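As they're listed, the protein sequences go chains S and Z.
As numbered in this note's numbering, residues 1 to 273 make up the first sequence, in order.
As numbered in this note's numbering, residues 1001 to 1399 make up the second sequence, in order.
In case anyone wonders, no lab produced these hints; they're calculated from the structure.
Keep in mind it's a predicted model, so treat the numbers as computed, not measured.
Using N, Cα and C, we set each Cβ at its ideal position, and we do this for glycine too.
Since no wrong hints were added, every one of them can be taken at face value.
So the derived list for chain Z, only partly shown, Cβ under 7 Å to chain S, looks like this: (1) Ile-1026; (2) Ser-1166; (3) Ile-1179; (4) Asp-1296.
Computed cross-link-like contacts, EDC-like style, restricted to lysine to aspartate or glutamate with a CA-CA straight-line distance of at most 20 Å: (5) S:Lys-85 x Z:Asp-1296; (6) Z:Lys-1104 x Z:Asp-1050; (7) Z:Lys-1104 x Z:Asp-1047; (8) S:Lys-85 x S:Asp-41; (9) S:Lys-85 x Z:Asp-1294; (10) Z:Lys-1104 x Z:Glu-1033.
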Amino acid sequence: MSGPIQGHRLAATFAQTKAENRAALITFATVGYPTPADTADVVRALLAGGSDVVELGIPFSDPLADGATIQHASQIALEQGTTLKMAFDVVRDLRAEGVETPLVFMGYYNPFLHYGLERVVTEAGEIGLDGFIVPDLPPEEGQEFGTLARSHDLDLIPLLAPTSTESRIQANVQAGSGFVYCVSLTGVTGAREQLSATLPDFLGRVREHTDLPLAVGFGVSRPEHVATIAQLAEGVVSASALINVLDDTPAARRYAALTDLVREMREATAHGQ
Amino acid sequence: MATIPSLTIRGQFGDYGGRYVPETVIPALEELEEAYAGLADDTAFQDELDVLLDRYVGRPTPIYHAARLSAEIGGAQMYLKREDLAHTGAHKINNALGQALLAKRIGRTRIIAETGAGQHGVATAAACAMLGLECIVYMGEVDVHRQTLNVFRMKLLGATVIPVMSGSRTLKDAINETIRDWVTNVETTHYIIGSVVGPHPYPTIVRDLQSIIGREAREQCLAQFGRLPDVVVACVGGGSNAIGIFHPFVDDTEVRLVGVEAAGHGIESGEHAATLVAGTPGTLHGAKSYLLQDGDGQIYEPHSISAGLDYPGVGPEHSYLKDLGRAEYVGVTDEQALEGFQHLCRTEGIIPALEPAHAMYHAAQLASALPQDQIVLINLSGRGDKDMTIVAEGLGVEL
Ligand SMILES: Cc1ncc(COP(=O)(O)O)c(C=O)c1O
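The whole structure should be built from the sequences, with the hints applied where relevant.
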């Protein structure tokens, strides 16, 4: 198999999108939603539209950084018995099919902690996961997980918010790797009509402290949003808007509709417009 | 009366505590930590709080010898720390008032809070009304129906009550929703959390503000008996009234500290809220502590007859005291709590809240096995008016 070696897929992807003079499109699926059996197909639909990275949301009973859409998806997934083990199985299946797109887990800390951090990174390394985004694990608390992840060539992706101070930006980017997830607004996840006006200023402050690629997420709902962010950052994350497509489309056309929206977003990723 | 000791630890209680929250609110937590540390030598703030505790809350609350109850039990002497006599009917006002003053000090005019039983919501609404602050209270939709009287009280006090429809629609979801509001409005808003839970510095701030209970009780014991109590007993939901009375006794190693959790329908039934008795460590609502979680690290819904104890987490300092062996934690069922409740009503003419009724039941068990010259001090954390419909239902009485 000739794909980039695991653990460096994220870096390779950002290098490639840079060479193509565009932003990377990062998309999201809640594991176990709409049903556990659908998860791999949802990811395939995201990949068919041209996603450069896919985040697999690990459902948690108390998703305090999430708005109504992801809360609901998480709850439905849990009611159907979704577990972290199922998320590992999805990644294993996709890698067995030859999928080489970077895949990362996005989830709250407790399910990882309970599974056992050592066990999480070991299995993740074995099956070809690329990293973790843990919204309730700031660098002060994430040292152990970060060290373990690095020892398996996995990225612990740092999150920053518009409220982050200089010292917090510094602490976060130093502790993390892969890319920097810049939360576009002061708030929780969820589709929004408009992007925050303070975004350029925020990204400028982050850039002073890191050479890692910056990806902007939270509220990114339409191809126009993607186009705007592509002028400012190396990556764009869309999540809730994609789940809304699953919710709003009759089951028979669900995956096609998802692929269509992802494709439109992907077509809006060009830099320098 | 020194109300606010300075911060001494960085949010760690052994391996527990910490700050497991989204980055968005961390700068606000840092600011809060700094502002709070600054209060240690702010005599104007201390004076203002002390005057309000004296004249608005009605402190100090007495310790009362439950002589008839003690005689009936026939063992140690039971003394009640009467937090039920504090303004708004529970210990919750000690924290709500202190934090509302602190919020004003750091220039936040919008206050948010979660509530389960409604006692913390009522206390926060009262403090905000008195200080002229906007007050928004999140309450699980299930609790809104269980505690209609307190919802009405909060509204009378000028608060906006927002029913929370997500998750299990109880206290833990109300906390999630309050944190979501805070994440969104952090620049203008102070979150007055209702117990010794949440990210650092909350467990420390709330403990310090509630420690007035134990400081008063310790002095009252020394003044009245010339010695310390033998046992201190308190109920544990999030753990604020218990830490409040325990903390000033922690270094008095001869004093036994006993926390009473809600065993609901019995620990073995799985339907309980006995986090320290039956839980395991994990992270929830910004701190590492004991939790009620399933095999996948998902938090499960607790059960207790008392809405104020119906919480799947517990303050990190209690987890620390448990592991150290400095405090012991036990469970009392719904049925036993109702028994403790009625016993106090009949023997002393005091109607306790259902939360401390758990502590009353266990304290009676302990006292019965101790000699008559021993002293058991119980934190009577609140009064029972709010619980009349639930108690009637529990006793099979139609009102
Ligand atoms: C009277 C009373 N006691 C105890 C509690 C439990 O909280 P904590 O354990 O923080 O004291 C409550 C909570 O609502 C309460 O109203």
